[in-house]
Amino acid sequence: MCRRRPASFHAVLAVGLALATLCGCQRGREVEAPASAPAAPADPVAVAATPELKDVIETTPAYIIGISYPQEAVRYPPLARALQDYAAAVQDQLMQALGELKGRRPAVPYDLSLNFSLVAETPRVVAVAATGSSYLGGAHGVPLEQRFVWLPQMQQMLAAEQLIPNAADWVPVSDYVRAQLKTRVQRDLDDDHLDPDVYAEQLQMRGGMIDEGTAPKPAHFARFEPVMNADGSIRALRFVFPPYQVAPYVEGTQTVDVPARVLLPLVAPAYRPLFRAG
0 MCRRRPASFH AVLAVGLALA TLCGCQRGRE VEAPASAPAA PADPVAVAAT
50 PELKDVIETT PAYIIGISYP QEAVRYPPLA RALQDYAAAV QDQLMQALGE
100 LKGRRPAVPY DLSLNFSLVA ETPRVVAVAA TGSSYLGGAH GVPLEQRFVW
150 LPQMQQMLAA EQLIPNAADW VPVSDYVRAQ LKTRVQRDLD DDHLDPDVYA
200 EQLQMRGGMI DEGTAPKPAH FARFEPVMNA DGSIRALRFV FPPYQVAPYV
250 EGTQTVDVPA RVLLPLVAPA YRPLFRAG
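Residue 0 is where the sequence shown starts when you use numbering that gives the first Met the number 0, and the numbers rise one by one after that.
Incorrect hints may appear among the rest.
As a list, the in silico SDA-like pairs of lysine to any residue whose alpha-carbon atoms are at most 20 Å apart [said to hold, decoys possible]:
1. K53 / D84
2. K53 / Q83
3. K181 / V249
Hints are computed from structural coordinates only; laboratory data are not their basis.
A quick note: this is a predicted structure, and the numbers were derived from the prediction, not measured.
Please put together the full structure from these sequences, using the hints given.
See the structure below:
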């Protein structure tokens, strides 16, 4: 449950949840990972057709692109294709933004920095985090945050609406996350020693952002990665909230770990064996 300050690359870059519309200085739209992969096991033809995961480095006077992949993901062709699809989508955004300039060179080169990292790999759960930034002009860029959870034995990508299919069951998750985030905000404001009026204003504003960004809907919890026990079971899910979803841009990406003891009563029966509480 950490708080990370945004990194800068020319400017701090990114595509976060609904951020493109909230940040008027940005042209791009949010890029979502595919919600799920084909349920049927991958056949040899499909595996053979999976392109290699090749890192990308391109530098021109108009743009810079850097993309890196974990080579372990090649072992899971549908997951590898999902990573490639996401990278292709954010690259397309950059190229479309350049096309809108009609041959003019941007004052500051546009750039895309995207790193895929393996965060879990067991026989039952493989997870990849995508983090980075995309600068397409303006005061700053937009954070890129996405998560991919592949279940090899089930041959499917795990999405939030599959994990907890009952809409009402997102309420306990929302309540838990809100409590953690609001406690964090109050602690930070206490450390800042603000005037009482400013303190109250900030507390109300930040609390409102948290309430809105964690409303009990699967879309608000679409980005998550497993926190694993030593035996390969999941002890918690780390939900990831890009800038502007639950906190101002300067606060960076926020994460909250929701323990298995909270999740297990809510999770669909098919996925409960993946978890172990305590």
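Quick rundown of the hints versus the structure:
A threshold of 20 Å between alpha carbons decides the hint, and for K53 with D84 the separation of about 13 Å falls inside it, so the pair holds. Proposed proximity of K53 and Q83 is supported: the alpha carbons are some 9 Å apart, at most 20 Å. Restraint check for K181 and V249: satisfied, since their Cα atoms lie roughly 17 Å apart, inside the 20 Å limit.
Hint compliance for this structure: every hint is met.
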